[in-house]
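2 protein chains.
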Amino acid sequence: MKVGVLGGGQLGRMMAIAGYPLGIEFGLFDPAKDACGGQVAKLHNSPFEVTEELKKFVDEYDVFTYEFENVPLELAEYISQHKPLYPGKDALYYSQHRLREKQLFVDLGVPVTKFSKVDDRASLLNAGQEVGIPFILKTTTLGYDGKGQYRVTSEAELAELADKLFPEDGEACEHTTYAGVSEYIAEAFVNFTRELSIISVRDQAGNCVFYSPAENEHRDGILHLSVAPAANLSDEKLANLQSYARKLLEKLDYVGVLSIEFFETDEGLVVNEFAPRVHNSGHWSMEGSITGQFENHIRAICGLPLGDTTNRSVSAMYNLVGHDVNRSVMTESDVHLHWYGKEIKDKRKVGHVNILAENYDSLNKKIEYVDGQII
Amino acid sequence: MKVGVLGGGQLGRMMAIAGYPLGIEFGLFDPAKDACGGQVAKLHNSPFEVTEELKKFVDEYDVFTYEFENVPLELAEYISQHKPLYPGKDALYYSQHRLREKQLFVDLGVPVTKFSKVDDRASLLNAGQEVGIPFILKTTTLGYDGKGQYRVTSEAELAELADKLFPEDGEACEHTTYAGVSEYIAEAFVNFTRELSIISVRDQAGNCVFYSPAENEHRDGILHLSVAPAANLSDEKLANLQSYARKLLEKLDYVGVLSIEFFETDEGLVVNEFAPRVHNSGHWSMEGSITGQFENHIRAICGLPLGDTTNRSVSAMYNLVGHDVNRSVMTESDVHLHWYGKEIKDKRKVGHVNILAENYDSLNKKIEYVDGQII
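Residue numbers (the UniProt record's numbering), protein chains in the order written: chain A, 1 to 375; chain B, 1 to 375.
Keep in mind the hints are simulated off the structure, nothing from the lab. Certain hints may be false.
[Stated by the list, open to error] Okay, derived cross-link-like pairs now, DSS-like style, lysine-lysine, Cα gap no bigger than 27 Å in a straight line:
hint, chain 1, residue 1, chain 2, residue 2
1, A, Lys342, B, Lys33
2, A, Lys83, A, Lys117
3, B, Lys33, A, Lys56
4, B, Lys2, A, Lys33
5, B, Lys56, A, Lys33
6, A, Lys55, B, Lys42
7, A, Lys349, B, Lys2
8, B, Lys2, A, Lys345
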């Protein structure tokens with residue numbers, strides 16, 4: 001069985017590494033000649049378009065998946081016409097568009113924050129009433145790690161933003177929009193106590209398994225630390241998280257790993273967004289769970305049975321963002337380096353360290369130790 | 001860091017898979033165009049000789065290792081003159097020659113069975129007195145899984161074998177010798193209760209770590225099952241195994257993973273042989289130990305600190321020899337398939353299944369289950 005992955009970054013790389021022991025071969029497709037997945041699998045270089053190179057790629061592999069949710073729909077369409085693509089096009093259709101995604105959650109009965117569509121001056125000015133101030137304005141498509149987002153905390157800021165994005169005397173300049181997108185979603189600000197994410201997997205027969213939800217901590221808008229299982233999570237909330245994930249998996253007739261982010265608030269859980277792929281907040285599972293998220297994703301898309309997702313112990317993923325780590329951490333028991341083979345650049349994810357421990361106290365001590373070894 | 005491996009079989013393959021998460025790149029060198037390691041790493045095809053292709057291979061990588069002990073010494077010599085080769089030439093010099101190997105163990109004070117050199121009719125006939133009947137005659141070089149070996153259980157068999165290998169009227173025919181080797185070692189038959197092996201690792205600074213010794217079971221002369229830790233092993237024997245391994249590691253100024261096989265007898269431990277490489281009887285460590293043998297081998301040769309070798313739980317490696325296994329085993333908790341991507345052929349190692357369990361009872365039940373899924 002040969003798997004073709006759209007995207008040759010660290011996620012595609014780790015899919016290949018996890019799938020090799022199962023006897024599966026991998027090819028990665030990426031416009032970048034130096035995509036880090038190319039160090040561990042065959043790399044096909046071409047833009048993400050239906051080119052001759054893409055057609056050859058589709059011919060060469062048996063089943064297809066992707067490592068990022070912004071796969072152009074026409075590309076997904078082309079592949080689906082010729083070979084199995086997991087997760088399917090529906091997952092992309094919803095996850096690429098914040099309004100469709102939010103509405104889908106509403107339809108499934110998953111709690112969302114108040115939101116409204118903004119595509120002109122009137123709808124933006126009206127958003128203050130619709131969702132209440134403060135709110136966050138996000139482009140409906142593209143944008144990540146806070147890009148293409150505006151925070152509105154007062155009527156004055158709202159007026160100012162309206163002048164910027166939708167001036168009364170005409171069109172907004174190209175440079176005031178993010179990536180040319182001028183459709184937005186206004187989302188009521190969520191007062192959350194912490195962010196939780198749940199990684200789930202569905203196989204081709206419809207069986208679902210769930211990883212322990214993780215508690216995520218960000219630094220400068222980028223995931224810094226995930227701890228699983230999230231401490232002090234009530235059985236009721238755990239059941240809700242799994243039930244919400246199952247609804248989405250079934251609605252999308254999903255195959256593979258799905259990740260969903262939630263805010264925990266004093267009033268309960270509120271969904272943030274989902275990603276139709278393996279996820280940074282699930283990297284702890286590589287050693288922290290009996291079967292890691294990458295292996296289970298590959299099992300699912302290749303028609304193999306899913307593996308046990310039980311935690312081996314309490315577990316953390318410490319992201320290496322723009323920084324290296326002293327290799328001395330490798331001497332610490334059950335501290336596992338995952339280095340992506342990328343050049344170190346500011347704000348770039350270059351690796352992560354998985355940390356397992358017998359209990360949270362011991363885990364926190366190990367996290368502190370790793371924190372002290374960042375260079 | 002780029003590692004070049006001599007040999008592109010399953011051991012080279014699993015070294016690459018284990019080294020990738022550390023950000024290390026791999027190239028494998030093998031005469032076979034379809035060597036299974038080529039599915040996961042760059043494969044360089046050429047005979048094991050100092051060819052132009054080999055010289056290019058040596059130029060391209062930073063540090064070298066091998067997956068088999070019969071690397072020609074002149075090849076090892078060439079590489080060592082240009083780049084680091086771990087383990088070094090000494091390890092090959094001894095492990096390629098059963099007489100040198102046995103004498104080395106004698107010199108180190110590691111208990112061996114009685115042995116004598118046989119290279120003509122007189123020395124063969126004399127072996128009956130020297131080591132006692134029954135004995136096993138083995139070529140001093142080459143041969144594995146019982147190839148190039150003769151079992152002598154009576155004076156009559158001895159006379160017959162002498163006529164075959166060293167006829168009075170001249171030279172033995174080429175076809176009565178194994179691979180053209182006509183130097184032998186006679187080894188007294190060892191009445192053993194079980195076979196044990198110990199995997200150890202030494203880093204470039206001289207630090208040594210040891211895996212739990214495994215108990216090995218063979219079928220038709222090929223390793224079938226390894227269980228680690230070996231049950232009912234006395235503290236004294238454990239200490240002896242580690243002490244013997246340490247002596248050999250230090251004598252050879254060894255860097256990397258070393259495996260040594262022992263017979264356990266009513267009179268104590270007797271060494272069988274060593275292999276200067278990762279070993280089939282250590283495959284259980286991939287999930288069964290906190291740091292697997294492949295990762296620790298790569299750490300050692302790349303100058304990285306060694307990882308914890310503690311067992312996660314009791315653990316077994318079930319070899320897939322000439323047979324496939326039903327993929328339903330993958331649903332069993334902590335049962336891990338390792339498939340080498342090779343065509344299934346009689347007596348060929350095509351994969352293994354690692355099995356972890358809380359205790360030996362539960363382990364044995366899982367082994368029985370896997371046994372029932374062989375197809």
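Each hint tested on the structure:
1. Lys342(A) - Lys33(B): violated, 30 Å
2. Lys83(A) - Lys117(A): violated, 36 Å
3. Lys33(B) - Lys56(A): With Cα atoms ~23 Å apart, Lys33(B) and Lys56(A) stay inside 27 Å; holds.
4. Lys2(B) - Lys33(A): holds, 19 Å
5. Lys56(B) - Lys33(A): holds, 23 Å
6. Lys55(A) - Lys42(B): holds, 24 Å
7. Lys349(A) - Lys2(B): holds, 22 Å
8. Lys2(B) - Lys345(A): holds, 22 Å
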